[in-house]
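There are 2 protein chains.
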Amino acid sequence: MALIVQKYGGTSVGNIERIKNVANRVIRAKNEGHDVVVVLSAMAGETDRLIRLANEAAGEPDARELDVLLATGEQVSIALFCIAVKDMGYKARSLLSHQARIFTDQAYGRARISEIRTEPIWHSLYKGVVPVIAGFQGLDARGNITTLGRGGSDTTAVAVAAALAADVCEIYTDVAGVYTTDPNIYKKARKLQRISYDEMLEMASLGAKVLHIRSVEFAKKYDVPVHVRSSFVDEPGTMVVKEDKAMEEVLVSGVAYSKSDARITLAGLPDVPGIAARIFITIAEAGIVVDMIIQGSGYTTGKANLSFTVPRPDRQAAIRILEGLKKELPGMEISSDEEIAKVSIIGVGMRHHAGVAATMFQSLAKAGINIQMISTSEIKISCVIEDRCTAKAVQVLHDAFKLEEPLVHEIAGRD
Amino acid sequence: MALIVQKYGGTSVGNIERIKNVANRVIRAKNEGHDVVVVLSAMAGETDRLIRLANEAAGEPDARELDVLLATGEQVSIALFCIAVKDMGYKARSLLSHQARIFTDQAYGRARISEIRTEPIWHSLYKGVVPVIAGFQGLDARGNITTLGRGGSDTTAVAVAAALAADVCEIYTDVAGVYTTDPNIYKKARKLQRISYDEMLEMASLGAKVLHIRSVEFAKKYDVPVHVRSSFVDEPGTMVVKEDKAMEEVLVSGVAYSKSDARITLAGLPDVPGIAARIFITIAEAGIVVDMIIQGSGYTTGKANLSFTVPRPDRQAAIRILEGLKKELPGMEISSDEEIAKVSIIGVGMRHHAGVAATMFQSLAKAGINIQMISTSEIKISCVIEDRCTAKAVQVLHDAFKLEEPLVHEIAGRD
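As they're listed, the protein sequences go chains W and H. Counted from 1, the first sequence has number 167 at position 167 by this note's numbering; the numbering is strictly sequential. Counted from 1, the second sequence has number 343 at position 343 by this note's numbering; the numbering is strictly sequential.
Just so you know, these hints were derived from the structure itself, not from any lab. Note that CB positions come from ideal geometry on N, CA and C, so glycine has one too. It is possible that part of the hints are untrue.
[Claimed, not checked] Just so you have them, the derived chain W footprint on chain H, three or more residues with Cβ under 8 Å:
#, segment
1, 8–22
2, 54–68
3, 360–367
[Unchecked claim] Per label pair, the in silico range of CB-to-CB distance:
#, chain 1, residue 1, chain 2, residue 2, range
4, W, Phe-280, H, Lys-127, 36 to 42 Å
5, H, Gly-109, W, Ala-165, 36 to 42 Å
6, H, Gly-89, W, Glu-338, 32 to 38 Å
7, H, Gly-45, W, Asp-223, 43 to 49 Å
8, W, Lys-127, H, Asn-31, 21 to 27 Å
My request is simple: use the sequences and hints to build the entire structure.
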């Protein structure tokens, strides 16, 4: 008998039939003797519908009111779900933020959960009632409705699991788990049995869309085992857990890619101290996040050049800002390129093993793929390449690190 | 400068364009120097859509969860409305029940407002912000969401106006005001300038659908002047106000009709005391509300008969219950008729004037309309007639009491 938090995504509750399927799944877990707390997303398509309405009402919808609007999506889901469960003869009780007492900061649209007062949840469980919590939303200290950003229901679920010290947080989604890479790009992609929090964090921030990144941070901070699995099949998915010895044996656990960045290159910069700082402070002041940076000095010309990546939607704004610096930096030439992709390998084993980077670069070179930029952290290496080479690069790296074969710790079994 | 509560119904906020029109109307009132508090219904069709979803999920949707579901309708309206107002450069702030602090009893689906703590509304007004309140819903003492029943946003508006001691509560709807009778049935129907709370109560309970009946009770109890008017035109509608001397000069203010009842007739009853009590107690225990009753004694036969009306949807259930009494009441014959209508004349002047009933009966007789049952109160007379004679009866009565002509107190002007 365990205390389980189950979160179901928008596709899993996309229509009444699917809501009833989910109800059956929850009831089964209850009948197996578990205590279940349910967290739901809005029905698939509902959030988009509401955003369209808001955009009809205003070019830039007010952030506070947009959250009031979007929060209705999950409210509809939890009400319908409880109606279905009760119709099946079981007890369920919907809990909105002011009832489940989920508090956040006041950052509308991207709020962070600060506190969950679990009394109402425990009270329901004590009475044998399934508490059903609206994901994605909370209340700030003044009682305003806030939302956590796209995918935020994952974070609600993990935060609730952390607050209850639940045995596991099950994230039900439309994929079967976390894969070594995107199965749509490479059919040899393999579902991972286990992955560490840190690896999952890197995967999420480098392009894998399985889990909301904040939910993984929460899981890591409070050591909540997260089980990513499909609501459409019964087989186990992927456990996201604390790193252990066996995981360190593995050099690379996955290959991620992202096509959401643009590269900006500045040539003809004076090769004197402080130029890069001047440029990046100006860009940061506009709220634009720079990811990778390469600076090259032209020893013979006395001129330097600088390349960096920004999110694609910010490219035009970044260029406008840089044009404004031309008076200060005469001779600066600005060019940019959106046809780039970032391909990354992730693995906690990298920390203790040399040669991983070399293998990556060699493999890409052998496939004729040119590396434009490189960035590394303790457990990942990312390369910017030409957009059109993405699939090829993913496949080459997946093969090079033998990701189609079960990992050492998976053969050994869990723990 | 006045403090005005404005309530807009589902048709008035039926799409984004109309929401923007309403926003303009509110802004105009603000620019004229008034303080405005807005109460909104769900967008037209939204409540029906949600009910359909609930009925897909369960044959009899759980009452608590149905309220959680339906409450989203108004939440969407107020969020979109505030987004539109803010886009026009004005300040508005949506308030849900847990924010506006609208408390009710725990009767899901037909809750009654028990308390409104007005601090958040005053705080908004103090800061020059238009408070925009979700109609139709409240919280019970434990924080559960409740709804007030169809048309409940009217009641929210009047209750808010009462709590704020507002100068007027304007109910914007898709008709221009309260009419002497349904203009769809008689084109001579005339919009009333004023009507008393009691007359409006009778009109609402006898079939006129302009105002939620509970809202009129609230208005009467707290003496809130209610202005019923159209959101699509600018002309004044009808004031629902406290009765005054001038109103008593008028015999009849309106003709109402309703086709929502069925008549049940029991023949061959033993003519002994206690029979009627036995029958009506049994029916009342099943939660069926009996409206009009006629009992006739068969002086020659020693048998009595009994006719009464029940809501049409309850007819079958009532008959089943009566069949169950046949053992106790041998010889009882049960018949029923759904093809009936109730036509009523309403007017506070009846209290002090004789002959009104006679005029009604004579007019119907002259038109060849047979009266099956009669019931009266201080300020109304209702007759049950054949369904197919409804329009004719309404027209005849409208003519007989000269309702197409301005009423005495309307000629005299207000007060």
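Checked hints:
1. Here the segment 8–22 of chain H counts 3 residues with a CB under 8 Å from a CB of chain W, which clears the bar of 3, and the coverage holds.
2. Residue count for the segment 54–68 of chain H with a Cβ under 8 Å from a Cβ of chain W: 12. That meets the three needed, and the coverage hint holds.
3. Coverage of the segment 360–367 of chain H by chain W is violated in this model, with 0 residues showing a Cβ closer than 8 Å to a Cβ of that chain against a need of three.
4. One distance hint, 36 to 42 Å for the beta-carbon pair W:Phe-280 and H:Lys-127, holds here, with the actual separation near 40 Å.
5. At roughly 38 Å, the beta carbons of H:Gly-109 and W:Ala-165 sit within the given window of 36 to 42 Å.
6. Against the hinted window of 32 to 38 Å, the Cβ-Cβ separation of H:Gly-89 and W:Glu-338 comes to about 36 Å, which satisfies the hint.
7. For H:Gly-45 and W:Asp-223, the Cβ-Cβ distance of about 48 Å falls inside the hinted range of 43 to 49 Å, so the restraint holds.
8. For W:Lys-127 and H:Asn-31, the Cβ-Cβ distance of about 53 Å falls outside the hinted range of 21 to 27 Å, so the restraint is violated.
Checked against the numbered hints given earlier, the structure breaks hints 3, 8 and satisfies all the rest.
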